[in-house]
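Put the two chains together into one complex, using the hints given.
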Amino acid sequence: MFNEIKQRFATDDVEVKRNDLYKVRIKYSRLFELMHMLRDEYDYKTLNAITCTDWIEEGHFALTYMLTTEDRKYTFMIQTMINREDAQAKTLSHEYKQAQIMERDLHEMYGIDFPGNENLKELSLESWVHTPPLRREFDTLEFVTNHLIFREGREDNVDTKAETKRLRAEKKAQKSKDEEVKDGK
Amino acid sequence: MEHNGFLLEQKTLEGDLNSDTSHKNSVDFLMNWFRKRSIFVLAYGTGCGAIEMPPTFTSRYDAERLGIRGAATPRQADVIIVSGYCSYKTLRRIIRTYEQMSNPKYILALGSCTVNGGMYWDSYNTIKKLEDYLPVDMYVNGCMPRPESILEGFIALQKEIGEGKASSWKKYEENYEFYRKNQEAILGKKVEPSYDADWYLYDGGL
Ligand code: SF4
Chain A
1 MFNEIKQRFA TDDVEVKRND LYKVRIKYSR LFELMHMLRD EYDYKTLNAI
51 TCTDWIEEGH FALTYMLTTE DRKYTFMIQT MINREDAQAK TLSHEYKQAQ
101 IMERDLHEMY GIDFPGNENL KELSLESWVH TPPLRREFDT LEFVTNHLIF
151 REGREDNVDT KAETKRLRAE KKAQKSKDEE VKDGK
Chain B
1 MEHNGFLLEQ KTLEGDLNSD TSHKNSVDFL MNWFRKRSIF VLAYGTGCGA
51 IEMPPTFTSR YDAERLGIRG AATPRQADVI IVSGYCSYKT LRRIIRTYEQ
101 MSNPKYILAL GSCTVNGGMY WDSYNTIKKL EDYLPVDMYV NGCMPRPESI
151 LEGFIALQKE IGEGKASSWK KYEENYEFYR KNQEAILGKK VEPSYDADWY
201 LYDGGL
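Top line first, the protein sequences correspond to chains A and B.
Every letter in the first sequence is one number past the one before it in the numbering used here, and letter 28, counting from 1, is 28.
Every letter in the second sequence is one number past the one before it in the numbering used here, and letter 84, counting from 1, is 84.
Chain B on its own, in the form it takes in the complex (with noise of 0.2 Å):
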């Protein structure tokens, strides 16, 4: 049958996924492909990146109709965005929701300044390199990147979870030590933020 319109752009967008035939065996493959067919994301955004993932995960682009949607709370999702530069202050934040999240995660980053730095390269309170701290599955470039880059991402994201190649989790839990270490020198010996409101209260509130 001749495909076009949002047919044809949703088979080429497909293509690849369906075409994976690299499981060892018929269990694996089952899981991976429930894996790859139900991706929960976070909601969550930090940096100007954020600002595209409405549109990608609403009517226009439709990240649903490949199996992405939104996840409320960190324990209930699979993939974290971290979507633009990264401060220190936010970095804690970002650890502490990484290590919520369930096994298996993932974590998507998007835009040149998760890359190198972006045009915050010599921005004193930016980290420049994000896999220095978390390990990252896939990097979408761009400053900052259109929704289409970002289904593009996941797509690739998800073939590499269908192979059962993305495992960058049991990586953090290997090397933990290396990125503890990174994290502590920019961050201190107290990575985690504090989970009390005192600063708030002490502020009396907004």
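Next up, chain A with everything else stripped away, as it sits in the complex (with noise of 0.2 Å):
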């Protein structure tokens, strides 16, 4: 399989990453091409997530589709590249039904379009009008600060760190000291 992966695709990105779970870089436009050979082919018929990571620096996506065989023993990683900016990838929601919800997420979370999928409405989140929230350049603490009121600290505000620190050498100078009395008689 792997053989006529690495020639059909001109990728040598194959990766066994256990023996029952494997992983391979593609380029975006053959993505379905490999899925449809392994689904009907190699029986991997199930498709059991849609997986992205923010890859920031390099301004790309990274959407990692799992695909799982029909008796559950074998998992097979795709992993490829869009890009970051009006990020958009074709649907699979016709083929896999469960993609449809997948992509919704993937939607909400990093704005990524799916031309094709009927249903791309907010799932988790309500009204929400910022940037979407997982993509890296969405600062959360920044967010935070200006929209949320905060509780003051306690009155005595004391850093709780460093005020452990201090009682500690307090207890032990003295606990030294005790010893020394101690020997003293």
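Hint data in this document are derived by calculation from the structure and do not stem from the laboratory.
Check each hint, because a few of them may be wrong.
Label-pair ranges, simulated between beta-carbon atoms [unchecked claim]:
1) B:T58 x A:A162: 41 to 49 Å
2) B:V191 x A:D40: 35 to 43 Å
3) B:R69 x A:R72: 43 to 51 Å
4) A:Q98 x B:M31: 37 to 45 Å
5) B:C143 x A:E126: 21 to 29 Å
6) B:K165 x A:W128: 57 to 65 Å
7) A:K171 x B:G188: 32 to 40 Å
8) B:R75 x A:E126: 47 to 55 Å
9) B:R75 x A:N83: 48 to 56 Å
10) A:R166 x B:N116: 46 to 54 Å
11) A:Q98 x B:P54: 14 to 22 Å
Distance condition first, Cα-Cα at most 25 Å in a straight line; then the derived SDA-like pairs of lysine to any residue [what the hints assert, rightly or not]:
12) B:K171 x A:E152
13) A:K161 x B:C143
14) B:K89 x A:V129
15) B:K89 x A:D105
16) B:K89 x A:H60
17) B:K129 x A:L125
18) B:K89 x A:T131
19) B:K189 x A:E122
20) A:K121 x A:K161
21) B:K129 x A:D105
22) B:K89 x A:L141
23) B:K89 x A:E122
24) A:K121 x A:Q98
25) B:K129 x B:F178
26) B:K189 x A:S127
27) B:K189 x A:S124
28) B:K189 x A:P132
29) B:K129 x A:T160
In this text, a Cβ means the ideal position worked out from N, Cα and C, and glycines have one as well.
So, in structure tokens, the structure goes:
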């Protein structure tokens, strides 16, 4: 199987991660061809998950499609890169029903568009108008500081870590003092 | 008579309750006594703290011996427990539920998440300080609070009710603008969730 993939798709990036888990990196344009090949010839019939990683420095998203065989013994990860600006990928929702909700989730969290998927409404957020929250340019801390009210700290406002250290040192000093007194006796 | 075992526990728990003398007249005293001894808690949970509520109300900790029991709908309930972090989406539902409850009504907030955000202090999707959005009568801290702490929180609340001090619903009515402003700041102009199930039908059900 690996040789066939290597030859047909002109890639060397096939990895055996575990004896039941394989991974291949491939160009986006050949992605669906490979998926169909795995499904039709090697029994990888189930789409488990579509995950996304944000490579902001390189300017792309890495989409990983996880396929599993019908007997649930082997898993194949197919990774592909798509452009980060106006990210777009073809929908799989007509071939795999479960892809519909996975794509909806990716659309909500990363802002990836899936033309052809008929329901890309918000899934777990509600009336979200800011940057999709899992994109890395979304600064969570800054957002929280600007939008929400924090409770002020305790009145004494001590740094608990420093305070613990100080107390411990004090205790130690006291102990050695006590011991000295004892020895003196 | 010497108490031990659960009788001792009960006595310790209730000790504070029977000793309040701060009532103004006997009608007030009676009203407050009735109120504190029959607290109906809305069966509603948010966040992880909700998992501590079933043991509190069932045989192991048995809150009913103190007059605390569950209620099925907001209209029948006296207390709503906000049992952990609230995301914006949950907050909408809590606000609607709270506004549906009839007076007198009280809020018991569980867990550090309701106090200051807890471990979700930098999460973009949860509120940090519940009392800015709804009036809180009693906080129970801990992550998560054990049923014992929840019971103690209830006793403290009952004591306040008995003394006529717990009046957060009045505070909510008097300072409604303040609360509404804070709610709108994060939830937008339309604070309440919509009633219809369009979203569900639109998605073709589950
Ligand atoms: S306080 Fe702790 S247990 Fe409670 S909701 Fe927050 S994280 Fe969960």
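Checking each numbered hint in turn, tell me which of them this model violates, lowest number first. 2, 4, 6, 7, 8, 10, 11, 16, 20 and 21
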